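> The primary structure of each chain is shown beneath.
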Amino acid sequence: MSEPLLEIRDLHVGFDIYGGHLKVLDGVNFAVGKGEKVGLVGETGCGKTTTMKTVMRILPIPPARVRDGEIGYKGKDLLRVNLKRTRGVKGKGISMIFQDPTAALNPVFTIGRQLMDVIKYSRGQDRSGDKIRDRAISALKDVAMPDPERILSNYPIQLSGGMRQRICIAMALVTGSELLIADEPTTSLDVTIQDQVLRLLGKLVEERGNSTIFITHSLGIVREWTNRVYVMYAGNMVEAAPTKELFSKALHPYTQGLMKAVPRLTGEGMAEGVTGRIPNYLTPPSGCRFHPRCPHVMLVCEQERPPFFDVSDTHQVACFLYKE
Amino acid sequence: MTAEILTVKGLKKYFLTSRGTVKAVDGISFSIKEAETLGLVGESGSGKSTVAYTVMGMYRPTAGQILFRDQDISKEARKRSKALKKQIQIVFQDPGSSLNPRRSIKQILELPLKVHGLSKDKSGTQQVERLLEMVELPLDYMYKYTEAIGGGEKQMVAIARALATDPSFVVLDEPTSALDVSVQAKIIKLLLQLQRELHLTYLFITHDLSLMRNVATRVAIMYLGKICEVASALEFFRNPVHPYTQMLLSSIPVVSEAEEALKPKKVLSRGEIPSPVNVPPGCSFHLRCPEKKDICSTDDPVMMEIGEGHTVRCHLSS
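So the sequences go chain by chain: A and B.
Numbered per the working numbering, the first sequence spans residues 7 to 330.
Numbered per the working numbering, the second sequence spans residues 4 to 321.
Keep in mind that a hint or two might mislead.
As the list claims (entries may be wrong) - Dumping the calculated DSS-like pairs for lysine-lysine here, alpha-carbon to alpha-carbon at most 30 Å:
| no. | chain 1 | residue 1 | chain 2 | residue 2 |
| --- | --- | --- | --- | --- |
| 1 | A | Lys266 | B | Lys78 |
| 2 | B | Lys268 | A | Lys255 |
| 3 | B | Lys268 | A | Lys266 |
The set of hints was computed from the structure by calculation and includes no laboratory data.
For clarity, every value in this text was computed on a predicted model and none was experimentally measured.
Next comes chain A alone, as it looks inside the complex (with noise of 0.2 Å):
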């Protein structure tokens, strides 16, 4: 991997809640280099938007908080940026594309309003009017738009999802962010549609050169999107590799038993890869948190928490059975 441009470093966040503290993220190590193309897999609940949440710090504390950890980007820590003297994180270059497009656009608003106030408040701007509605238009033809002067003066209910998400890409990528996370960007969207916009983002991030954080929970995705992959479950980063190594040899064996699980084209019929549930966040199991759920349990597992073992200069795992 190149220099990281983000480092996450043994990042713990928790919700203080009714019953008690939820230990979500419990040590959570991560890097992105510059240029990089970096996926983050795990089903639903395992911590993968409360990671990029805090990068982004979005959180909303409390209900959250950040017991201990460091997000490095750029030479500074984020956790400790002021965020109203750099209009959050979103002024240091990370951007965030979300899962629902609908949601994230404001309904009352014209698309041309939300994207010109989006360029006039980011950083280095030429802030004169037209200047703004060019960069607007400028922006809608790179996500492929087409008519975007029609565009602008529409509202998010005239277009339809796909069209709403790519609105969403055109935003992010304007304030030419370095850093682009996409958090389950087609996930709402159909099958024909995602393959088109998967390819116009690929496109995009390509041209410009930005690093990405591709959020999702589709293995297919991961491997026809991404050069490098994070598997997270439970909170913990279980597995860190190249994206051709962990398809060719994924080691966790809870990333194992998620590859299993995905119905294949070739009709191997259904597997079932992965037993029992995810963990209680409140009460979560001592040791390894996958230990309960693993075929291979040895006895040190419910006793320690696994670091990340290095099976190769890029392949971590985090997992006993990779000891040395």
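Given chain A's structure and the hints, the job is docking chain B onto it.
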């Protein structure tokens, strides 16, 4: 050859709205044989759920016929006999909204038993226990409420409720699309096992073709209220003919090289499904079709048989 349990002939369901007539289902015909699974695949807005709801009697068809074991059931559910309703059941997509949060799971599972007069003992506990065992849930779940259990487990309860009346035909309307892959795998395995044990027939609705490959005996593809291709699952993935089918298949993100090899090449997906209020003239797919000919924008193609049990509605193959 086994008998057909459900036959749909020229089914149409139009909805009148202020903006015009929505042709949600526009003249489709298919049949399902005893103990098989017909997969009905399509994008959102293709009308696949409308087909399910019309079969269930939640909508009255605008035109066409639905035959269940040679009996005409093209009418609303309240005009259907109880014995008929007992035979046809449905599992909905979102168990969070199809199960009543104010009822315990025992109450949820008892209701169909009571309605159909199937309760044997007074407390009904035995039958509820049997249903929970069938879907492999712990027996003490009987006293829980839906908010206390996970999404996958809720769907198991919804399946148990559908099976309570001992039906022969079950409509599964995207039963796993709201769930994670590992939970999906568990539910699909259970559904296939129950199908073998109870000799069930499924109409399985989904937008996930990879899933379809593993559960369906036959697959039908729907686009804008019409069926464009029907084939056996094996034939369907080996030899997809309709350009829309090819586009769908080539859009699926897959996880292995072996699957990549199965995807049709060169078909880049483009365009979006048009509004069913303004269906394009001719073949409804011609605006997105990469192999469009002149005739496609004027004449609507008819269903043609191109192989055994393989039918396609496209000018290219006629």
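> So, for every hint listed, does it hold in this structure?
Going down the list of hints, with the structure as the test:
Restraint check for A:Lys266 and B:Lys78: not satisfied, since their Cα atoms lie roughly 43 Å apart, outside the 30 Å limit. Using a Cα cut-off of 30 Å, the hinted pair B:Lys268 and A:Lys255 holds, with the two alpha carbons roughly 27 Å apart. With a CA separation close to 26 Å, the supplied pair B:Lys268 and A:Lys266 stays within the 30 Å bound.
The earlier numbered hint that this structure contradicts is number 1, and it is the only one.
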